[in-house]
Amino acid sequence: MGRASLVFVILMTSIFAGVLVRIQSNIAGVPDVLIRNQLNKEIENISDYVLRAAVRNANSQDFLDSVLNGEIVGQISHIQNFDIGERRIGNCDVLSLEYSYAHSQDHYKVKSHIRGFLQGVEVFRDAEMAFSFPMVTLGTVAPNVVYLEFERMLLLTWLFDIFNINNRLLPDSSGNDYEGEFHGFSFISPTAPYFVQDNIDDEVESWGGAYSKRYIKFNGLDNYITMDNKLPLESEDEEAFDTDNDFSLMCFAKIDKTGRRASLLSGDRRDQQGTLLWIPSEYNVSDMQHKPSAAIYFETTNTSSAKGKMHYVITLEDESELRVTINYTRQAVVWRRIGISFLSVYSIDPNHAQYPWNSYGLTFETKNGKSILTAYVDGVQVGQAQKDGEQRAYPSKYGMSIGRKALNSSFHSDDDRKYFFGIMDQSGMDDRAFTPYEMKLWHDGVMKSSLVQYIKD
Amino acid sequence: MGVLLDVLGSVIIGATLLLMMITFTLQVQETAARIYYTSSMIDHMDNAARNINHIFAMAGVGVAIDDKDICLEASDSRILFQTYWDCEGDTLSNDLHEIEITLADLGYADGKVIEIRQDGSVIMPLGHIQYIEDIDMNYFDFDDNATTTPADIVSAEILLTFRRDSPWRSDQPLRSNLQLKCFFMNAYLQKGNWE
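Here the protein sequences line up with chains S and P, keeping their order.
Numbered continuously in the working numbering, the first sequence closes out at residue 442.
Numbered continuously in the working numbering, the second sequence closes out at residue 235.
In isolation and in its complexed conformation, chain S is listed as follows (with noise of 0.2 Å):
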């Protein structure tokens, strides 16, 4: 009796074991299950964010030259590898970034590799995108086409101007080479990095709006940009920067919304100021003068408002003119008075990260018996003007000036230039009008998807 019941005990007791031991095979598979699902969702979106942010710093020709070593021919590529909790996003680290040219501009490359990890879970996912060179105007070796992205430090320019070394040369990301020089007193560098506020109350250099970690200061004073009509590098076409039938004016700027009062260094200037993009027509002819082949520009209509007018002009072969003007209300507070009255300066003011960039852009084009000028803001078009009779731009021979109208000093004073105070980011030209998508693509930053060779997320 004994035996039999020690015998039903263990038969009881062993099938008791077996159904525990299933329960827990099975319930311990569970959580893993669910854990690398939830990780397979965590790491696609870090995944599709990291190649988003890599491409992102594809588009910076500055960037590119501070990575990639050697000439733009055949396969080069730079590896960014990070240890792990280097570069944690969640659960998620990125292990590597991989840019890399293959043959040409036209053939570019990204690649990220993201590994995730999460209570013993580990998963990884590779991505990568190939393009031609992103934005429109970049690496287009084709006539007057420039486009200055301001990303590179042009440190104690002054000190180097001692030693006659020219620091002041801001790199063209066309590909043509025109490059701009800037002018003007700056004291540490007239490019300066984006910050923004993390969650953490700190500040961190950051994407401060189309594709750009720097901007450029204008002091409203003396800072302005040059760009020489030369002959683009290594065109066959032997014209050199000019305007034409058909070209696209743009730049991001933060106008500063108060103007620069009198200071140490000036005078009162707020209603001189406001230049933006201004290519010459005729720099000797006097009566010329104001009459640009094409600008943009801001004017002060009253001290003490934001309130003023922007214009968008052109002046055709004839020497009509065609122009846009619309009424604009400067909205970013970008530079910082520090003092009393007349013996105050000037500084950045670091809550200009709170404005958004604003976009302006000109179009012209010759077409259906007209030549027709169109105006933008923040990439939506504002206005206008056409003639009928398809005219070109009048011919300019002395390339752009940024942030100051180009005068010649025979006929006017410095006040008349119209100096810019403010902040600017990625200006430049291209040598056809955009279309109204395409100057709204260029203002979100958004690349076209055919310039997209493939992408594998």
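Among the clues, some could well be false.
[Unchecked claim] Straight-line Cα separation of at most 30 Å, DSS-like style, residue types lysine-lysine; simulated pairs:
1. S:Lys96 x P:Lys108
2. S:Lys441 x S:Lys425
3. S:Lys276 x S:Lys292
4. P:Lys108 x S:Lys26
5. P:Lys108 x S:Lys242
6. P:Lys231 x S:Lys94
[To be verified] To give a feel for the contact side, a few chain S residues facing chain P, derived at Cβ under 10 Å:
7. Leu19
8. Asn25
9. Ile150
Think of the hints as simulated: they come from the structure by calculation, not from any bench.
Everything numeric in this text was worked out from a predicted model, so none of it was measured.
Just so it is clear, CB atoms sit at the ideal spot from N, CA and C, and this is done for glycine as well.
Fit chain P to the supplied structure of chain S, relying on the hints for placement.
For chain P alone, coordinates are given in the frame of chain S:
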């Protein structure tokens, strides 16, 4: 006699308690099995969808859509397209590959299999998706109109029916349906109309 009755009584009571325990444990076991089944099936379906979506997305990489057709053949349960993407190595290649997604009945007790083939060879393990009962694919052109013309196809609506035996009753399989829309993403990018 009294002792015998005591022993019998205790055995009956003990056995009853044990049976209660076993019954309870079996219920827990079944619940755990169901949870495991459900979560693993969701995981499996998720992976299947991800893999199919990925393969579709890579269609037409490097193929100039104006010169060549990306999709060569298409039916309810099979599609064949071209790409320079090497789906086996998951990298770009110099060779044009033919990728085929098809439903195959390999005689498995678990059901049919979706096979993803590159140039005739199954891509392992990516291209062997089990527990499939049926697949139904409908195709669309760039303007999202239904089409059966392979050359026009740039996206597909896929209805997958997964079937797996019940943990307890194999004669009553559990079915789950999954509907997804997959795009020839890289072909879409080429066809982008931005004017």
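Verify the interface restraint on Ile150 of chain S: the C-beta must sit less than 10 Å from at least one C-beta of chain P.
Constraint on Ile150 of chain S not satisfied, violated at 44 Å.
Let's test the interface hint: is any C-beta of chain P closer than 10 Å to that of Asn25 of chain S?
7 Å, holds
Going straight from one Cα to the other, do Lys96 of chain S and Lys108 of chain P come out at no more than 30 Å?
Since the Cα atoms of Lys96 of chain S and Lys108 of chain P sit roughly 28 Å apart, the hinted pair holds (cutoff 30 Å).
Hint validation: Leu19 of chain S versus chain P, beta carbon distance must be below 10 Å. Holds or violated?
6 Å, holds
Take the C-alpha atoms of Lys441 of chain S and Lys425 of chain S, compute the straight-line distance between them, and say whether it is at most 30 Å.
26 Å, holds
Holds or violated: Lys108 of chain P with Lys242 of chain S, Cα cutoff 30 Å?
56 Å, violated
Within a Cα-Cα threshold of 30 Å, do Lys276 of chain S and Lys292 of chain S meet the stated pairing?
24 Å, holds
Checking one constraint from the list: CA of Lys108 of chain P to CA of Lys26 of chain S, max 30 Å. Satisfied?
Outside the cut-off at roughly 35 Å; violated.
Pair hint outcome, Lys231 of chain P versus Lys94 of chain S [Cα-Cα no greater than 30 Å]:
20 Å, holds
When held up to the earlier numbered hints, the structure conflicts with 4, 5, 9 and fits the remainder.
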